[in-house]
Amino acid sequence: MKNNPIPQKIALFLVLVLGVFTFAFDILKFSSNLDFSAWTYLNETINFVILLAWYFYIHDKALVTKNTIADNLELFVKLLAALYIWALFWKQILAPSFVTNEFPKAPDTLGSVVYSNLIAFAAVILLVPMLLTVRNLILYKQKKRTRLYISLALGATFLGMMVTVIFRQPLDITSDSAYIYQSLTLGLALLFYLILATQNSWIIYLSRKKKYAYFLLSLVLIWLVAIMFDVVFKETVAAHSLILASFANLTWYFFFFYVLFGSITFLVHLPTARVFDRKMREVRSLHQLGRVIAVEFDMKKLVRIITEMTREVIGSRYTWIELYDEKTGHLKIAATVNMADMDKDGLDNHSLHQIGVEVIESKKTFHLNTINKGDDYEGLHQWKKDVGSMAAAPLLGGRDQVLGILYAAKTDAYGFDPDDLNMLEAYANQAAIALENAKLVRNSLEQERLEKELQIARDVQMRLLPQKLPDVPLQVETLTITAYEVGGDYYDFYRNHKDHLGIVIGDVSGKGTSAAFYMAETKGIIQSLTRDKRGPADILRQTNEILNTSLEKKSFITLLVADIDYRRNRLVFARAGHCPVIHYHAEKDRLEHIRPLGIAVGLDKGPVFNRQLEEMEVKLGVNDILAFYTDGLTEAMNADGEEFGEERLAEIIRQNADKNVEGIRESVIDAIMAFLNDSNLHDDLTLVIVKNGEKKGEVE
Amino acid sequence: MSGFEVRRHDNGDVSILHLHGFLDAHTAPRFEEALQNLLREERVKIIVSMSELDYISSAGLGVFMGFIEEIREKKGDIKLSNMSEKVFKVFDLLGFPCLYEIYDDETAALEKFNASSAS
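Residue numbers (this note's numbering), protein chains in the order written: chain V, 39 to 738; chain G, 812 to 930.
Mixed in with the good hints there might be a few duds.
To be verified - Simulated crosslink set (PhoX-like; lysine-lysine; CA at most 20 angstroms straight-line): (1) V:Lys591 - G:Lys885; (2) G:Lys886 - V:Lys591; (3) V:Lys643 - G:Lys885; (4) V:Lys104 - V:Lys338.
In short, the hints are calculated from the structure, not lab data.
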């Protein structure tokens with residue numbers, strides 16, 4: 039008795055001391071006719087305290103708080119056996135006898151006194167834990183009112199004990215009006231016991247084997263419990279204490295009912311036990327499969343698990359899955375159970391192909407009850423002699439397309455009942471879901487990777503663009519709007535002459551990381567070339583020469599290099615396949631699209647490029663505006679498929695020419711946004727605006 | 812983006828590819844595949860007819876660049892025809908006219924192929 043808290047120790051102590059005390063008094067009373075009027079009630083009270091103390095001591099012990107069915111049943115049987123052994127053993131030794139014509143019957147010999155005490159004590163010690171085990175079984179599948187019924191039954195039991203003590207009459211149902219209270223109390227108690235006796239749904243969930251085993255056990259128990267009262271308790275306990283006698287009596291009623299009803303319930307559920315077992319297995323396996331599918335994306339593992347489960351539940355001899363191979367357009371074996379490699383080779387069988395075709399065409403489950411000579415599917419025996427029946431279910435995808443086929447074969451004819459076919463379909467469905475699920479996950483991982491790549495490309499692009507505007511006596515403003523997929527737009531400023539501003543604008547073909555990579559390369563090359571005093575055409579020629587060797591065949595870059603001499607109000611520029619320059623003449627309020635000859639970088643090794651390239655010089659008036667842009671701006675498309683166009687851009691510049699460059703930039707943005715009207719940009723868009731404003735101290 | 816389609820017609824040893832719709836980074840691989848197939852069959856005299864082409868992006872233009880070298884090495888050529896004004900502007904801006912022969916219609920391009928093989 040370890041780790042008992044103090045109150046429990048006291049309880050145990052009370053049980054022992056009071057037990058010995060009442061025992062001693064019984065002996066004294068028998069041998070010396072000692073008696074006093076209050077003793078009877080004192081004795082009953084003490085025995086009631088013993089009962090309560092014992093319950094208090096035992097109720098939370100591990101032994102009686104187990105919640106498995108087998109543990110509780112085992113304990114019940116053990117305690118019952120202990121009760122019998124204890125009673126029969128002492129009966130042999132003490133040979134008790136009782137005076138027969140009064141109630142309670144008085145013991146005849148000293149041995150009988152001892153015997154009645156020993157049995158009463160056993161009734162307390164053993165019946166309480168037995169009741170607790172039955173309570174555990176009742177609570178195994180608790181319902182809304184279960185606890186209420188238990189309380190009511192306990193209340194009725196207590197009432198019955200009181201009535202017995204007060205009237206000193208045995209509990210019995212008679213029509214005699216003298217026993218009206220006993221009859222009513224017992225009737226009430228029996229009613230609640232009957233209700234509790236029906237609370238045995240734990241039986242339903244037992245496996246078939248256990249149902250059979252426990253049914254046989256229950257037959258023995260009915261008999262043992264039925265004779266328990268007569269053999270063990272009857273007059274014996276009553277001789278010692280009426281309260282314990284009535285407790286034993288009522289407990290016996292309850293046990294009898296419970297065992298009897300239990301036995302009947304077992305009997306009722308035996309015929310359906312096999313089906314119930316199977317349903318439980320199905321539910322369990324589908325549940326398990328659902329869990330597996332949610333976490334397992336390895337196709338190989340998944341189809342193996344599904345085939346294995348199919349075999350387990352359906353009980354097929356050979357089970358396998360064939361999956362549709364998107365590359366070859368053929369079905370391919372993905373997983374097999376109980377099949378050697380030799381058997382797998384045999385799957386290349388005419389009859390099996392025929393079944394496959396039938397399933398794919400009908401998109402329905404196929405099944406074959408028998409295989410006879412001369413049948414369509416006789417050929418199955420060439421694959422396996424012992425195949426008696428066959429079934430195959432399609433794995434249907436979300437768009438009703440066949441992703442594969444789940445096959446199962448049994449050795450007996452008529453092996454597949456409707457349940458088997460339903461389950462086969464269920465597994466095929468689960469397999470289809472798993473397949474699609476795994477595919478989705480793969481795609482979303484791929485998507486995530488691309489997304490990350492794009493983010494990197496965007497970051498690179500943003501870092502390659504100049505972070506601030508050049509400090510020159512010109513108004514300069516830039517605009518960059520990047521598309522979802524990086525388009526490869528690029529611009530930069532350089533200073534390689536005093537009083538000159540160099541502008542580079544370009545567009546790398548392609549998108550994403552490769553575009554960002556070429557942008558970086560171009561920027562590096564141009565930055566190194568502009569360290570020397572080269573003119574625009576020279577810069578472009580050199581760039582083409584260098585880039586030609588490293589560019590992919592199908593990639594090219596359009597570039598425009600402009601050199602503005604703001605002291606002499608002169609623009610020199612060259613264009614390598616890039617968009618023209620828009621020049622607004624403030625004095626004449628006129629627009630000009632200037633397009634010198636020149637092909638894109640990367641199209642030609644040098645001869646054609648160099649021959650074509652043309653350098654142009656333009657005189658700039660006061661308040662003249664230059665616009666450099668990429669095709670993303672002029673090719674920006676609205677929902678109607680209309681392009682923004684260079685004319686529209688030029689016109690906006692002309693209309694807003696009296697504004698400063700910030701104002702012009704705002705106007706362009708507004709116009710583009712109004713034009714796009716929620717359509718997406720599919721390419722980057724870049725604009726560099728330069729206005730040759732009036733300069734201080736320029737009067738010559 | 813709208814769809815894209817390549818149709819092929821063989822005329823003697825010249826193959827004509829008709830492009831329809833939008834040729835951009837997403838549809839370019841299909842055009843590449845068509846050219847790849849012609850190369851595999853050793854058919855290197857190719858006319859790309861663009862009367863039905865609505866749009867061409869830099870990736871679409873890149874396809875020509877990817878194949879022209881190999882085709883010319885094999886004594887073949889890609890000639891372009893039937894460009895809409897809009898499509899021509901794109902080719903022109905990049906300087907393609909000085910690298911590729913561009914014709915108003917397929918017959919003119921065919922004649923050019925036949926003339927060069929006759930000589």
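Status of each hint after checking the structure:
{"no.": "1", "hint": "V:Lys591 - G:Lys885", "verdict": "17 angstroms, holds"}
{"no.": "2", "hint": "G:Lys886 - V:Lys591", "verdict": "19 angstroms, holds"}
{"no.": "3", "hint": "V:Lys643 - G:Lys885", "verdict": "19 angstroms, holds"}
{"no.": "4", "hint": "V:Lys104 - V:Lys338", "verdict": "42 angstroms, violated"}
The structure fails to meet hint 4 from the earlier list, while all remaining hints are met.
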